[in-house]
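Visitor: The lines below spell out each chain.
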Amino acid sequence: MNCTEIYPLIHAFVDGELDLVRSLEVERHLSNCTGCTARCDFMRSLHSALQNSELSYSAPDSLLKKVQHMIGGSVQERRRNDWQWIWKWLAAGATAIAVVTLLLRPASVSQHDQLMAEAVSNHVRSLMQAHLMDVASSDQHTVKPWFDGKLDFAPDVKDFVAQGFPLIGGRLDYLGGRAVAALVYRHDKHLINVFVWPIARGSAATSQTESRQGYSIINRDVSGMRYCVVSDLNEKELGDLADLLGK
Amino acid sequence: MSVIDPQAEFERIVLPHLDAAYNLARWLAGNDHDAEDITQDACVRALRFVGGFRGGNGRSWLLTIVRNTAFTWLKKNRPQAIVSIDDDALAEIEDKVESTAAVRSADTEVLRAALADLPLEFREALVLRELEGLSYKEIAEVTEVPVGTVMSRLARARRQLQEHLNRKGQA
Numbered sequence: 001m002n003c004t005e006i007y008p009l010i011h012a013f014v015d016g017e018l019d020l021v022r023s024l025e026v027e028r029h030l031s032n033c034t035g036c037t038a039r040c041d042f043m044r045s046l047h048s049a050l051q052n053s054e055l056s057y058s059a060p061d062s063l064l065k066k067v068q069h070m071i072g073g074s075v076q077e078r079r080r081n082d083w084q085w086i087w088k089w090l091a092a093g094a095t096a097i098a099v100v101t102l103l104l105r106p107a108s109v110s111q112h113d114q115l116m117a118e119a120v121s122n123h124v125r126s127l128m129q130a131h132l133m134d135v136a137s138s139d140q141h142t143v144k145p146w147f148d149g150k151l152d153f154a155p156d157v158k159d160f161v162a163q164g165f166p167l168i169g170g171r172l173d174y175l176g177g178r179a180v181a182a183l184v185y186r187h188d189k190h191l192i193n194v195f196v197w198p199i200a201r202g203s204a205a206t207s208q209t210e211s212r213q214g215y216s217i218i219n220r221d222v223s224g225m226r227y228c229v230v231s232d233l234n235e236k237e238l239g240d241l242a243d244l245l246g247k
Numbered sequence: 248m249s250v251i252d253p254q255a256e257f258e259r260i261v262l263p264h265l266d267a268a269y270n271l272a273r274w275l276a277g278n279d280h281d282a283e284d285i286t287q288d289a290c291v292r293a294l295r296f297v298g299g300f301r302g303g304n305g306r307s308w309l310l311t312i313v314r315n316t317a318f319t320w321l322k323k324n325r326p327q328a329i330v331s332i333d334d335d336a337l338a339e340i341e342d343k344v345e346s347t348a349a350v351r352s353a354d355t356e357v358l359r360a361a362l363a364d365l366p367l368e369f370r371e372a373l374v375l376r377e378l379e380g381l382s383y384k385e386i387a388e389v390t391e392v393p394v395g396t397v398m399s400r401l402a403r404a405r406r407q408l409q410e411h412l413n414r415k416g417q418a
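Residue numbers (my numbering), protein chains in the order written: chain A, 1 to 247; chain B, 248 to 418.
The following block holds chain B by itself, in its conformation from the complex (with noise of 0.2 Å):
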């Protein structure tokens, strides 16, 4: 009986997650500047959609909103970002391990860079799993790949960060 007010809904729904949609965007962009149009466009979106919004879990719902957008924008503007990597690869057995000093001893500035230098899906699959949190499903969900393919991408984006680490740790 009630009539759907989509700005109350969006305040809701949207609004409070608006921290992790913008960190999303800030790690596929690579730049505030592009970041704040891609969140913003993504919200005009989720606007426009949320009252189609069926309950469950409001922060996925706009994750996904934003990973869309994100890509949509990459491929009109920086097409060379997206390089489409070989999710049947596995990640292969590290032959030796290192040391996790060079974890320890990484500051902020160097896991950054460590991070930001990762090809986009390993990047995008380690932000929403250790920075939002989120579990095996609610990423498949979001990037929209079976639940394996997350499973694989996170393992080899933690093998590169740690060959970067070490790189790192020894120049």
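Chain A on its own, in the form it takes in the complex (with noise of 0.2 Å):
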């Protein structure tokens, strides 16, 4: 091919959108064409300085507090929601000591479900509110201690920067009705939040994948710790960040 056919093509292939029996015709191109050649390198400078200049603007503080109080302003409305679903729930059927054996039964599925939707909504807090991190350090060393004294149970903290997981930090969090650790890793531009705390003793081990709202989450338990990990990451890869936590 030449210049004329492989132009139209360079933007697509810089921005990896070319399918691969074209990408490497315009590399094979590219490799005798100093013209194309310079073009490319004009496209990823522009790239370059695209991202690293700080050119996009962040929601003003005044528009995230009417945002809120536009959601926040019918908490009373949801209240009612609740309740005419718990008069409709009744109404079907269930009786009162329904209710008490559920409340007992140690793990059941919409206890779970409540659980993994509170999981991802304080995932999704700690991206929003600039407090993803009470403790910022890539060094595990600096993490752990952080949390003595402040959980009832000491979190094993690793970095993982040389499989692609580095550590960022960690903070508390609450979850389930207790204080959890909770630790974030990077993977490219995905953020990651593993929720961590101790599982009761003798309970069954749980290892499974769940998507919810387009946000992945894993459990796993490991020598006696839950370990809940949520991201907007793909489950493949989140789940060779649940098997490095694993090891």
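Hints are computed from structural coordinates only; laboratory data are not their basis.
Honestly, I wouldn't trust all of these hints.
[To be verified] Pair ranges (Cβ atoms, derived):
1. B:N315 with A:P60: 15 to 23 Å
2. A:D139 with B:P326: 55 to 63 Å
3. A:V161 with B:I329: 45 to 53 Å
4. A:P60 with B:T319: 17 to 25 Å
5. B:R295 with A:H190: 27 to 35 Å
6. B:N315 with A:C3: 34 to 42 Å
7. A:G177 with B:G299: 30 to 38 Å
8. B:T355 with A:Q163: 33 to 41 Å
9. A:Q163 with B:N413: 40 to 48 Å
[Claimed, not checked] Computed footprint of chain A on chain B; a stretch qualifies when at least three of its residues, placed anywhere within it, have a C-beta under 8 Å from a C-beta of chain A:
10. 274 to 285
11. 403 to 414
[Unchecked claim] Not everything, but these chain A residues come out facing chain B in the computed CB check (under 8 Å):
12. L46
13. V67
14. V124
The beta carbon of each residue, even a glycine, is placed where N, CA and C say it ideally should be.
Once you've looked at the hints, go ahead and assemble the two chains, each given alone in its own frame, into the complex.
Guide: This is how it looks when you write it as structure tokens:
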């Protein structure tokens, strides 16, 4: 192919949007053409200039407040909805005893659902409230002692920078009615929250993967601790981190 | 069996992408005040429609709403900003290749001015690609044009940006 044919493909090539066959054709052309190579260099330098400079605008606090007010304004209505839901449920034939047994059951499906919904919402909140971390450090020896005295257990804190999951910090969080450790990892541009808390002795070990509201969640039980890993990262790569945590 | 709670859905699906929504609105509107109004308006719409959101990419979904809200707003308040561009015109090959020095030496404010100077459709394609990191397919969905048009808009946007920076570099 000559320059005129290659030119329309160069943008897609630099953007990583070209299929393999045509990418190879472009690469072959580039190895013999200084003009097109210079054009690629320009696009790459433009790309990094746009990425590095602070050109993106963040939502101002005034807007965040307005939007939060918009969705928080009808808390009353939400409570009413909850009650309606309970009445419907009762009307459907559930007796008070059924409710009591449900509450006493150690790991019912609905409890799991509720816990996972809570885990996702903790993850989302941590990303938007500028409260991702209480202790920002890639050093596991800084993060681990930070939890001392703040929790009734000592979470195992490891950095997996060599495997592509650098530890970037930790914070305290509250999940399923108890204080938990939240470890924050990064993978490319994705942030990952790992919630850690001790599980009851003798409870069956869990290892499951699920997806909720576009977030992947992996639960793993490792030596008496539950690791609940939440991110918008795909399940496969998130599984790699879960495997590392389980080692 | 559960009752859909739009506020909770909004909190999960829309709220994490508020910065991306504002960034797009800010680049389309050109100032803070109008961008805030447009984003807020888009959030009102998103809250209304969030019950109908059937999974998929929440960010693209929200950005589509922001984009539509912004264009409606611009048509009403600043019709001169919307100049239809000829999408059939292909980006022509540069007859001479400028050095990349103009880009490397350009500081944030020069880049900001160059980007703001682009026609609306070129600017939004470049903002969605370079600042928000959307794929061609996602940009096509948000801006409601075919992928081929996205490619040609990006190519032409980059070329105009380069010309702007070269002019600055010579001045």
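Visitor: Tell me, in ascending order, the numbers of any earlier hints that this structure violates.
Guide: Violated hints: none; all satisfied.
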